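A.B. asks: What follows is each chain in one-letter form.
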Amino acid sequence: MKILLVAEYRQGKLLDNYTELLAFAGIMGAESVMFTVAEAAGALPNFDGRLYLAEVSQAGEYNPETHRQLLLDVVEMEQPEMIVLSHSSYGWDLAPRLAVALRAAQISEVVAVEDGQLVASMCNGKLRRTLKSRGKITVVTTQAGAFSPTDAATGAPTVIPVGGAASGKVKLLGYETAKPGGVDLARAEVIVSAGRGVGKPENVAMVANLAKALGGEYGASRPVVDSLWVEHNRQVGTTGHTVAPKLYIACGISGAVQHLAGMKKSEFVVAINTDRDAPIGDVADVFAVADLKQLLPILTEKLQAL
Amino acid sequence: MKLLVCIKQVPDMESKFKIGTDGWYDREGLAWRMNEYDEYGVEQAVQLKEQTGADLTVLCLGPEQVKETMKKALAMGCDRGVHIADDQSHLKDPYEIASIIAEFARDKNFDLIFTGMQSQDRASAQVGVMVAELMGLPAVTTIVGFAYADGKVTVKRELEGGVKATVEVAPPVLVTCQLGLNTPRYPTLPNIMKAKKKELLSIPAADLHKASGLQETAKIEFPAKKGGGVFLEGEVSTIADRLIGILKEKTAVLA
Numbered sequence: 097m098k099i100l101l102v103a104e105y106r107q108g109k110l111l112d113n114y115t116e117l118l119a120f121a122g123i124m125g126a127e128s129v130m131f132t133v134a135e136a137a138g139a140l141p142n143f144d145g146r147l148y149l150a151e152v153s154q155a156g157e158y159n160p161e162t163h164r165q166l167l168l169d170v171v172e173m174e175q176p177e178m179i180v181l182s183h184s185s186y187g188w189d190l191a192p193r194l195a196v197a198l199r200a201a202q203i204s205e206v207v208a209v210e211d212g213q214l215v216a217s218m219c220n221g222k223l224r225r226t227l228k229s230r231g232k233i234t235v236v237t238t239q240a241g242a243f244s245p246t247d248a249a250t251g252a253p254t255v256i257p258v259g260g261a262a263s264g265k266v267k268l269l270g271y272e273t274a275k276p277g278g279v280d281l282a283r284a285e286v287i288v289s290a291g292r293g294v295g296k297p298e299n300v301a302m303v304a305n306l307a308k309a310l311g312g313e314y315g316a317s318r319p320v321v322d323s324l325w326v327e328h329n330r331q332v333g334t335t336g337h338t339v340a341p342k343l344y345i346a347c348g349i350s351g352a353v354q355h356l357a358g359m360k361k362s363e364f365v366v367a368i369n370t371d372r373d374a375p376i377g378d379v380a381d382v383f384a385v386a387d388l389k390q391l392l393p394i395l396t397e398k399l400q401a402l
Numbered sequence: 003m004k005l006l007v008c009i010k011q012v013p014d015m016e017s018k019f020k021i022g023t024d025g026w027y028d029r030e031g032l033a034w035r036m037n038e039y040d041e042y043g044v045e046q047a048v049q050l051k052e053q054t055g056a057d058l059t060v061l062c063l064g065p066e067q068v069k070e071t072m073k074k075a076l077a078m079g080c081d082r083g084v085h086i087a088d089d090q091s092h093l094k095d096p097y098e099i100a101s102i103i104a105e106f107a108r109d110k111n112f113d114l115i116f117t118g119m120q121s122q123d124r125a126s127a128q129v130g131v132m133v134a135e136l137m138g139l140p141a142v143t144t145i146v147g148f149a150y151a152d153g154k155v156t157v158k159r160e161l162e163g164g165v166k167a168t169v170e171v172a173p174p175v176l177v178t179c180q181l182g183l184n185t186p187r188y189p190t191l192p193n194i195m196k197a198k199k200k201e202l203l204s205i206p207a208a209d210l211h212k213a214s215g216l217q218e219t220a221k222i223e224f225p226a227k228k229g230g231g232v233f234l235e236g237e238v239s240t241i242a243d244r245l246i247g248i249l250k251e252k253t254a255v256l257a
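The listed protein sequences correspond, in order, to chains W and C. Whatever position you read off the first sequence (first residue = 1), add 96 for my numbering. Whatever position you read off the second sequence (first residue = 1), add 2 for my numbering.
Pulled out of the complex, with its shape left as it was, chain C reads as follows (with noise of 0.2 Å):
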């Protein structure tokens, strides 16, 4: 059995933004770790490999640093690394990030391919069901439980309001991962030493980059400041002190 994972380095969500040059956030100055979707993606795939012996190939596209990302991927217990090369991927658009992926993996057989639902930066929900449609595989998304048996495929999907929908497949397929599907395991420093020996191949994503974007991004910006609610700020006794005063005085709730 043969399986993908497919992730993504993007920046902490926590952090100061700015507006690039090059019509994107600037990148520089920021944390980065991987997707938190992906993680939970690679800890499917990883428990799927321990269940079945399967071979598990990380792939991430991005420029060079995306690789302490991918290095993480292989000490959770990814096999191999392929790293598609490029400084320009986060001006594509997902259709061309998805084209890239699937030329990489239209022609090696694999069983299941992982993905995050989205990413935390764009939250476009796109790369993965494209990446299933361009190769022909069945996709299922919003996955938030996962079982394979007797060599298919059983997913519970979440849905809106508490609902779930159990949905059954069989490989060839493509899954993309909701939060809260497992609990991704922290790498042990035996398994992140062992990483550093694990294969990591790079790939200019030019070699598969064959499809054009449909898109483009004419601004970025940040929103307006909404509300007009009052901050607090200063030493917290005085803080509570305040927060009670409006309370008093704007809610019913201290009567």
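So that you can see chain W by itself, here it is in the shape it has in the complex (with noise of 0.2 Å):
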């Protein structure tokens, strides 16, 4: 089997997720080579194969419509039997375009690679669906951290220059990057974070109260933090931080993929949930079934007369 993987470049740097796709390549025994925009004067995927490099200078940092062609044109000359994109906000734009193009079942997601079978999971994680391409060409997304590189990438691709101007209707203006918060997550060595089963905003009191009594700084996940109960600089997830304390407290979090990738390096995990089939139970080390507006304050009048 070949596969074409695609490595993704943004503001300026190649990212490293090209190593988690390699890393899916080579549990489907397959032959790989890759794609991407980039500059070919900077830092290269460590990989030995062929590159097939379009000029970011050329072909813009987001221009779907480019990109998709630019890759329609290496799949006519490759003909692989999959295309395999990070499930980011990169691949999940650029995927369903290439699917459409060519007519191929897209399988979003994977988690898992089974019997040789893709493994998706659904409904927050409650769920996992096998699925099967009915084509001769799939295009797969994986989630981010599902397939880790055994070893360091390493490597030195055989790059061939590809060409087209961005044409697409979409233009790029430029980035925001998140201002820098008062708080430091990422040093903090207790975490207790509040999800969407505070409730209410005044119940966030609770978790900072906790986190207090345990010398550690407070978190949210991400509904809390649209809901503008706590600031963005304290969101633990994918689009914020990601945190790896000593003691990492879940109230009320049911473990979206999203805010699990974002903190299950932690030590040691406590989820407080009244749902116990929560997919945050996946990463617990203990799980309270309990209310969190009944256990916060009890847990931490307790740990205050320690």
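Hints were generated in silico from the structure; no laboratory data involved. Some hints here could point you the wrong way.
[Said to hold, decoys possible] No more than 27 Å apart at the CA atoms, straight line, and that leaves these computed lysine-lysine pairs for DSS-like:
{"id": "1", "chain 1": "W", "residue 1": "265", "chain 2": "C", "residue 2": "198"}
{"id": "2", "chain 1": "W", "residue 1": "308", "chain 2": "C", "residue 2": "94"}
{"id": "3", "chain 1": "C", "residue 1": "154", "chain 2": "W", "residue 2": "228"}
{"id": "4", "chain 1": "W", "residue 1": "98", "chain 2": "W", "residue 2": "228"}
[Unchecked claim] Computed footprint of chain W on chain C, listed as stretches where at least three residues anywhere in the stretch have a Cβ under 8 Å from a Cβ of chain W:
{"id": "5", "region": "8-16"}
{"id": "6", "region": "29-35"}
{"id": "7", "region": "169-181"}
{"id": "8", "region": "247-253"}
Since this is a predicted model, take the numbers as computed values, not measurements. Backbone N, C-alpha and C define an ideal beta-carbon position, used for all residues, glycine too.
Reassemble the complex: the two chains are provided individually, in unrelated frames, and hints are given to aid placement.
C.D. replies: Laid out in structure tokens, this is it:
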């Protein structure tokens, strides 16, 4: 089997998630070729194989219509059976465009390969399904972190330049980076995070109080930040901070994939949730099946009395 | 100006799921609601309608029961509903769903189409982009900011690690909406009453279904429970004591 991997480049840098794509290709036992829009004179993927490279100065960092066409040209030349991208803001944007152009099935956010078949999770991790493509070519996106390289990537690619000026209808005007806030979650030894289960903004104080009693910081999951109950610089997850404290207490957090990706390297994880089937249980060392609104004040009081 | 917002009805994710007999999860006994991502799409579309006086259609594919969810979108401010009636929509793949929507929308001259960036149940993040591609429209995904001025749409795309990209595009265009794009409104009682009188057209999916599926679900199952974590249950005071005991034993944070 031959797989075409798509590496990402953003804000002047090659992103290192291509190594996860190589790990996936390794599991599939496939021959890999790679495509990226990048700078030929800059850092290239550590990979022994053909790398089709379009210059970013011409093709643009975000120009999906152009990137799609460049990829279709490479598909024509290489005839891969699979095209694999990361399930990222770049990958999930580009993959369906390729799938439509090729009339190919797209299998999104693959978490595992079992007996050669692709497995994806659904319903916020409560179910999983095995998918089968009906065509000769399949577009795949892989979940961030699901396929970890065992060794550091090595090698140097054989670069094959491909051309194409930006001609799409969308125009990237620039980037905005979140302002650094006063809180440094990455350094906190204890993080207590608030999820949707806190119910209302006033209850965030319970989470903050427990964090204080433990000498740590409080964080939050995405829905709580989106509701403006907690500022964005305290968000844990893919689009916020990735943290690895000694103790992480998830209060009323169901455990969406994006949240788990941001905290699963914590040394010890406590989940407090009324739903004992919540996917946060997959990473929890201790799961307290309780209403946080009742448990947190008592727990905080007992800790303060120690 | 003509606007379309596509929504989906999904089960509440807190539900207790069961494996069904038709190759999907059991659809009986679940609480249903509007896909959360689509709520942001409806809100943004309604805001644009309020800004420009545009005409706003809400579209939903699925069985009869999805009309309940469509009524919420109408109460939030959509002008009319198009229900594509399909008892088997849950067994269709993203390409088939997108083909049906594109078939409906193709000759309607919509200037802007809003969809959620993904559904909460499948989370494949495909249908919106596929609709645009099938219609030959530009698409911008994962927006957390939206502005329309001087005939141009300026959006902010959410990237990883707190970075956003600002992107400009001229209509007609399709955008897929990410959580946090805006604050979806709660329908007021007078608007719920008004919504009952709004047009809700039903079209059989078979009239628009011209593509065949490209993939199939071979198996659906519960994930194996990982972890082997300890469950603490019962009275909260006892849970608190046991939890403190475990933290003393297993972590250094109480030292």
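A.B. asks: Looking back at the hints listed earlier, which ones does the structure fail to meet?
C.D. replies: 1, 2, 3, 6
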